[in-house]
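**Student:** Residue numbers (our numbering), protein chains in the order written: chain A, 1 to 478; chain B, 1 to 309; chain C, 1 to 213; chain D, 1 to 658.
In short, the hints are calculated from the structure, not lab data. Check the hints yourself; a few may be wrong.
[Stated by the list, open to error] Calculated cross-link-like contacts (lysine to aspartate or glutamate; reagent style EDC-like; alpha-carbon spacing at most 20 angstroms): (1) D/543 x B/50; (2) D/622 x C/79; (3) D/380 x D/466; (4) A/436 x D/110; (5) A/427 x D/110; (6) D/622 x A/348; (7) D/376 x D/517; (8) A/427 x D/468; (9) D/601 x D/589; (10) C/212 x A/437.
Source: prediction; values computed, not measured.
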Amino acid sequence: MAFLLIFYPLLIAVAAAVITSNRVRPYMLPVAAVPHCVLTYIVVFSNRISETSTWLSLDPLGKIVLLLVSTLFLFCSFYAVQYLHFRNDRNNRIFIVCLLTFLGTMSLVTWAHHLGLMWVAIEATTLVTAPLIYFNHTRLSIEAMWKYLLIGSVGIALALLGTFFIAYSSLHAGLDATLTYDVLLHNAPQLSKIWLHAAFILLLVGYGTKMGLAPMHTWKPDAYGESPGLVGAIFAGATTSCAFLAFLRIYHICYAAGEQQYMSRLLLFMGFLSMIAAALFLIRQRDIKRMLAYSSIEHMGILMIGLGIGKTALYGTVLHILTNGITKGVLFLSAGNIHRAYGSKNIEQVHGALRILPLSGSMFLVSFLAITGSPPFGPFISEFSILSGMFDSHAYFSGALFLVLLCIVFIGMGGTVLSTVQGNAPKDIKEKGTFKDGFWNGAPVLAMMIIVLILGIYIPEPLAALLNDAVEFIGGQS
Amino acid sequence: MNSMVVDVVEIILHLMLLITMPPLLLGIINKTKAWFGGRVGVPLLQVYYDIFKLFRKGMVFSVTTSWVFRVGPFVTLCSLLIAGLLIPMGSFDSPISFAGDLILFAYLFGLSRFFTTAAALDTGSSFEGMGAAREVTFACFSEPALFFAFLVLAKISGEISLTPMMHGPLEEYSAIVAAPLVLIAIGVYIVLLAESCRIPVDDPNTHLELTMIHEAMVLDHSGPLFGVITYAASIKLFVLSALLLHIMIPFQFDIVWLNWVLFIVEMLGIAVLVGITESVMARLQLLHIPYLLISALLFCAFGFILLIR
Amino acid sequence: MTNLLNAILVIILMLNLFTLGTTRIQSIIRIVAFQGILLGILPLITHDGLSLMAVAASIIAIVLKGFAIPVMMSHALRDVQIKREVEPLIGILPSIILGALATVFALLFASQMPLANENLSKLIVPSAIATILVGFILLTTRFKALTQVIGYLILENGIFIFGVLLMEAMPMVIEMGVLLDLFVGIFVSCIIISKINQSFSSMDTRILSSLKE
Amino acid sequence: MISIVLVLCSIIILCMSGFPAYLFAIHSTKGQVVSSALMLIGAGIGISGVILSIQSGVIVYYNHEWFLPWGSFRICIDPLSCVFLLPVFIVPSVGTLYSLSYWSQRLHPENGKRLGAFYGLLAGGMALVVVAQDAALFIIAWEIMALAAFFASTAEDHNQQVRQAGWVYIVATHIGTLCLFAMFALWKSSTGSFALVNSPFLSRHGCDVLFVLAVIGFGFKAGIIPFHVWLPGAHANAPSHVSAVMSGVMLKMGVYGIIRMTSLLPHVQLWWGGSLLVVGAITGIAGIAIAIGQQDIKRMLAYSSIENIGIIMLGLGLALTGRYYGRNDIVMLGLCGSLLHVWNHSLFKSLLFLNAGAIIHAVHTRDLEQMGGLGKRMPKTAFLFLVGAIAICALPPLNGFVSEWLMYTGFFNYLQVDTEKTFSTVPLGAVALATIGPMAIACFVKAFGTIFLGNCRSENASQAHEADGSLILPMVVLAAGCLFIGLIPVLSLDLIVSAVNVWTPQNTLVSSVNAAESLQWISYLGSGLLMLIGFTAVVFRKKLFTKKESALGTWDCGYALPTSRMQYSSSSFGDTIVKLFRWIVVPSDHDPKISGLFPRKSAFKSVVPDVILDRLVVPVFKLAGYYLPMVRVFQRGQVHLYVLYILVTVIVLLIIGR
């Protein structure tokens with residue numbers, strides 16, 4: 001199963017590379033995504049334990065991220081068909097091949113139970129995504145790609161060092177140097193503390209760079225801003241979640257080693273730093289896509305805070321992976337539509353999206369409300385669980401700071417979003433705009449929004465069980 | 001059976017006094033002022049003559065006005081009459097008394113003010129508008145002052161109905177209440193002067209721009225309507241005087257009928273007092289009137305604070 | 001064996017400082033290539049007995065780090081026709097001093113950490129950290145895109161040094177994967193550099209600052 | 001149980017009521033009719049449910065497991081909910097009738113459907129708020145309501161002012177919601193569950209914090225000063241029937257929240273009531289003082305809503321102090337006053353907002369200075385406005401008086417409580433009410449006078465026409481409600497007293513006998529007053545309503561050419577009071593000097609801005625918006641610095657981690 005999930009997209013990628021027609025090639029995306037998604041649902045929700053090896057195994061955490069990756073990719077693939085047809089002037093071979101490879105490597109991340117393998121997979125996602133940013137072939141997109149690649153690689157390199165440190169900590173403790181997840185978990189209490197601490201910091205910074213924690217977030221607004229909306233959606237929804245999953249593994253090992261106290265301080269520091277940075281950069285943000293990037297940074301911060309609080313906040317944290325990911329998908333895809341329709345993503349030019357693009361505009365607005373934690377949408381449930389966990393563990397100051405930051409973020413984002421969707425549209429776009437809401441660019445957005453809404457009012461039983469499994473797997477209380 | 005007869009008699013007397021006596025107070029005031037001015041003055045009952053004469057006259061309506069203009073004075077009069085039913089006269093119980101009637105009492109004044117000012121605005125004249133604006137403004141101070149006085153009285157008597165509250169506690173007043181009572185008496189007296197448009201707040205005899213409060217509001221009313229307004233103004237004076245009376249002179253005789261006489265004499269005394277005040281004081285500059293009212297408010301407030309201290 | 005190891009590590013450290021001390025980009029590439037070859041020898045001498053894995057790792061490392069990557073970078077350099085790193089953020093001498101300080105810091109830092117396998121780790125850990133820091137110095141003080149890639153490569157070299165300690169933890173496949181990732185990463189970077197050069201007619205990353213707040 | 005089913009059905013119907021309109025053509029009014037019909041049906045079902053629940057006298061629960069990480073679908077209809085459910089059902093359904101001609105789909109094809117949909121959601125959300133007995137459900141319902149109100153009030157988003165007002169609203173409501181997040185999270189951590197039921201685990205300290213959070217969080221919605229900043233703009237710029245619902249009902253949800261939370265907190269402190277009294281007095285007095293200075297009819301009504309919230313808070317504060325001293329009579333009077341005022345305000349304020357809508361419809365402006373003399377052109381509207389104005393000034397014999405009377409009586413009763421020193425000043429609340437009263441009269445005399453009386457001040461006003469029946473009918477319903485409660489208050493007292501019994505901690509039964517007796521007298525006297533007025537009017541009818549009017553103008557003191565512009569205007573009327581209260585309202589006058597023999601044309605203008613919003617919040621936001629983005633220097637696009645950040649982070653973390 002694992003090989004199927006990982007290699008099937010790669011196979012299609014090869015097929016896409018061979019296909020010569022620019023119009024036909026985009027259909028490879030759904031061809032890869034639909035079976036992948038079906039398989040994913042079978043694997044995730046079937047009770048039979050899927051086959052495991054020491055290196056590849058699907059635990060509940062992996063299941064959640066795989067679920068997210070596959071679902072998000074499915075919607076994005078349908079969206080991509082229409083998008084690429086609209087941009088038919090540009091050769092999409094590299095784009096599609098990279099996108100499919102990306103799916104394969106992300107699946108690998110979710111399955112990897114060997115820290116080294118996981119690192120390789122994460123680094124691979126960095127490499128295959130770089131060309132995606134360059135799709136528009138503008139000077140700005142080169143700049144964004146360069147920054148992404150350099151900063152991302154440096155960060156990931158530190159993660160490799162951190163991975164080595166973990167192995168070394170087990171060596172130092174007199175055990176065999178190993179990077180196998182299960183063995184490390186088993187031996188966690190004996191691992192050499194000081195090396196483990198150092199490893200934790202390096203991995204926090206390393207995978208944090210990939211997630212986009214402040215102050216390693218600098219590539220993020222550039223990359224998200226310059227890449228097509230659907231790449232942004234996958235970036236913000238899936239890639240960051242994969243990186244978070246990678247970090248979660250490390251967290252898990254340290255947790256098993258009884259280092260909760262030590263981690264909590266660092267995680268809260270990084271989490272709040274990210275939220276503060278995001279909040280400050282969101283104020284008066286004039287570019288809707290960069291705004292979304294900062295929102296993503298904020299949510300990575302929230303995930304970190306959730307981990308830092310631990311215990312009852314873990315449920316919210318795990319759920320937040322899902323809710324944040326899907327909501328980000330809605331945000332980026334609808335922002336992409338708006339960008340297309342107006343030919344600009346600057347709020348000086350973009351007004352009245354509700355009139356030009358009734359669906360995308362309203363989805364953009366609603367998903368903004370969702371992502372800022374308004375009930376009755378999914379992110380509210382997860383954010384509120386985290387907040388509630390904070391109060392449960394008597395972290396009142398953190399709770400208050402969290403709320404204040406959420407408020408600033410809301411104000412910052414709200415100003416930009418409302419200015420985008422409300423008001424009168426510029427005349428020329430009202431009359432001559434060629435890009436309209438259609439089925440293929442609207443339906444995926446709407447479908448994801450419905451999922452976000454459902455997650456806010458009803459969590460299906462299998463999913464709830466999965467989430468509980470995941471929390472128990474890490475060792476928290478559900 | 002006997003007590004019921006007494007009750008009925010009391011109610012009839014109350015109503016009679018309420019309906020017939022008010023214009024007399026105006027007459028007394030005018031007479032006092034004339035005496036101070038060294039004039040003979042108009043007859044004591046001149047106000048009655050005026051009112052009767054006005055009721056016989058026809059009316060002139062401005063084309064601007066609507067039904068509000070016509071109905072306003074009547075609503076004012078009716079609400080003041082109802083208020084008059086709530087206030088006890090001297091040592092006698094009022095015809096209607098229930099817990100919390102003092103609030104209704106105060107708010108009936110509000111209702112009368114609403115319609116007086118609305119009727120004034122109905123003419124579309126800037127003079128009357130000016131008068132209305134001042135009327136509603138000054139009420140913002142006189143009404144809280146009145147409520148401070150009520151609080152003091154309620155605290156002293158332990159009652160929240162006008163009749164028992166006015167009659168005071170069953171035993172003697174304790175010494176501690178003397179100072180608050182004096183303070184609120186002063187406050188209520190100022191309120192009385194303001195509400196019934198007397199010098200130093202207003203000059204009932206002119207409607208020059210500088211003094212335009214009450215008289216300016218009724219510039220356009222004529223005939224029976226003006227009669228109603230004059231009558232209503234006198235009832236207002238009467239009712240407020242009755243209130244003030246209890247605060248100032250809270251004692252009574254043992255013989256019942258003497259009490260009626262005492263009440264009438266006291267009321268006339270208050271009218272004389274008002275007349276004296278009008279004679280010896282000059283009208284205040286308009287901008288200073290709020291200060292006078294605020295001082296009334298403060299007198300009453302101090303009274304309350306002294307009491308609960 | 002340990003003496004040889006220490007000797008190689010000292011040379012690597014010296015090469016680090018050389019990279020900081022030269023402005024000719026071609027020379028830096030050569031120095032890094034030499035460093036790569038030296039690194040490739042490390043797996044052979046750290047472990048007693050020649051395992052197949054160590055040999056394979058060593059060969060691949062030498063091929064990639066010593067030859068393939070430098071050649072690729074030289075190509076990129078030829079395309080952009082730039083010879084020197086002019087006006088770095090801090091001058092040559094200060095950067096050498098900084099590099100030396102970083103080395104000293106690394107030695108001090110490693111002495112703070114409890115080490116397993118004492119005699120082996122004693123020099124490996126500090127030189128790994130020193131090399132990483134030098135990589136960072138290059139990354140942060142040099143402005144030419146290619147120099148920054150070299151900085152990244154040195155950073156990776158440092159990590160490789162550390163990785164030598166853990167040969168058995170890393171299965172062959174994954175070791176290969178790591179090296180492949182590195183290779184592809186630098187490959188892509190070189191492509192980007194030529195794109196940058198096409199679009200901006202320059203390799204100076206300072207002009208890549210239109211995306212900002 | 002059946003009552004719960006009915007109320008739930010009604011909530012669902014209300015929420016969905018706006019959506020069928022999407023099935024109809026864009027200019028078709030049929031969809032709107034269907035929506036309105038659905039809403040009326042839904043409200044009817046809901047009201048029948050409420051009545052059933054009142055009659056049975058049993059508190060019914062419904063609890064359903066819910067696959068959320070926390071919380072369950074827990075619903076409860078108790079008398080307190082019933083008290084709030086009634087306006088929630090009545091006012092929006094009256095408003096939807098009004099909207100049929102006020103916001104006809106034919107005339108507003110662009111936003112009519114959207115407005116209808118969110119209007120329904122707003123109503124349904126409010127109903128759900130009131131019955132929710134679980135924090136999760138509550139907060140979801142709360143936000144549905146808040147967001148629906150946002151969308152409904154920004155129906156005309158092409159207008160810059162509307163957008164501005166919507167922005168202020170959504171920020172304010174979100175801050176309030178975040179406070180509620182904190183409150184419920186704290187509730188969970190103290191009681192161990194999200195169920196909003198009495199809990200023995202609450203500590204004294206916890207109660208204090210919960211109380212403060214509730215007052216702030218719900219205060220944002222209720223419009224307590226200084227959290228009222230969103231209120232005037234949102235009310236002024238929303239369509240009138242939406243303003244009516246927002247002001248008439250939605251603000252009360254904030255009140256409901258505070259009342260509900262205080263009912264759940266076991267350790268009542270004396271300062272709770274005290275602080276609510278202070279807050280209420282400030283809100284009431286400042287609210288009405290600012291209202292007097294407004295020239296925009298809807299802004300004026302909005303500030304008057306703030307004033308009324310202040311009054312409600314006074315009653316609640318009184319009830320809280322009464323509860324502390326164990327004085328059930330005071331609790332009864334204070335809370336009954338509050339709850340009845342909630343009803344009353346929802347009746348007369350929505351009446352006034354609907355009336356304002358009819359006026360705006362006729363005159364095409366919200367500016368009072370452009371109106372005048374409408375009483376002759378729209379007599380029915382004028383009469384209905386008068387009814388609303390008298391009611392809102394709390395004058396007998398209408399309903400506003402009854403609720404204020406209850407509070408006054410409570411304050412007077414408090415005089416007899418043996419209290420701690422500082423809290424013997426509580427009866428000063430009566431003085432606060434007595435200050436608010438005449439100011440309200442000033443405000444509404446001004447409004448009534450400048451809108452309906454005198455001469456027309458503008459071309460538009462002179463061409464105004466009477467509103468059609470479909471606009472008048474809803475107002476008549478509301479006015480009838482005002483009169484009904486005003487004349488027969490005893491009938492409404494039973495339900496409210498049982499709600500008060502829910503509120504008091506151990507459900508100690510509170511009796512209302514004394515108050516009921518007095519209320520009887522008030523009905524008699526009120527009816528007597530009406531009859532007396534009617535009697536005099538009949539007696540003088542010949543003279544008063546004679547057909548042959550002498551065609552004379554108002555006496556002009558000898559000036560031969562008075563024009564309508566010489567009337568006392570709205571600003572000049574208000575100026576007298578505004579000047580006296582300038583320390584609260586801080587007016588900014590535009591008063592050009594007149595000089596020379598032939599002075600140029602000049603105009604006086606007095607604008608009363610919102611003290612908190614325009615002088616505090618906006619400047620602070622501007623400063624923050626200017627200074628906070630300065631952190632952007634850290635991100636100037638220099639990639640080598642970005643790499644340095646990574647290194648620095650590692651070092652900093654190593655230092656922190658030591």
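**Student:** Against this structure, judge whether each hint is valid.
**Tutor:** Against the structure, the hints come out as follows:
no.	hint	result
1	D/543 x B/50	18 angstroms, holds
2	D/622 x C/79	51 angstroms, violated
3	D/380 x D/466	8 angstroms, holds
4	A/436 x D/110	18 angstroms, holds
5	A/427 x D/110	17 angstroms, holds
6	D/622 x A/348	19 angstroms, holds
7	D/376 x D/517	41 angstroms, violated
8	A/427 x D/468	37 angstroms, violated
9	D/601 x D/589	17 angstroms, holds
10	C/212 x A/437	31 angstroms, violated
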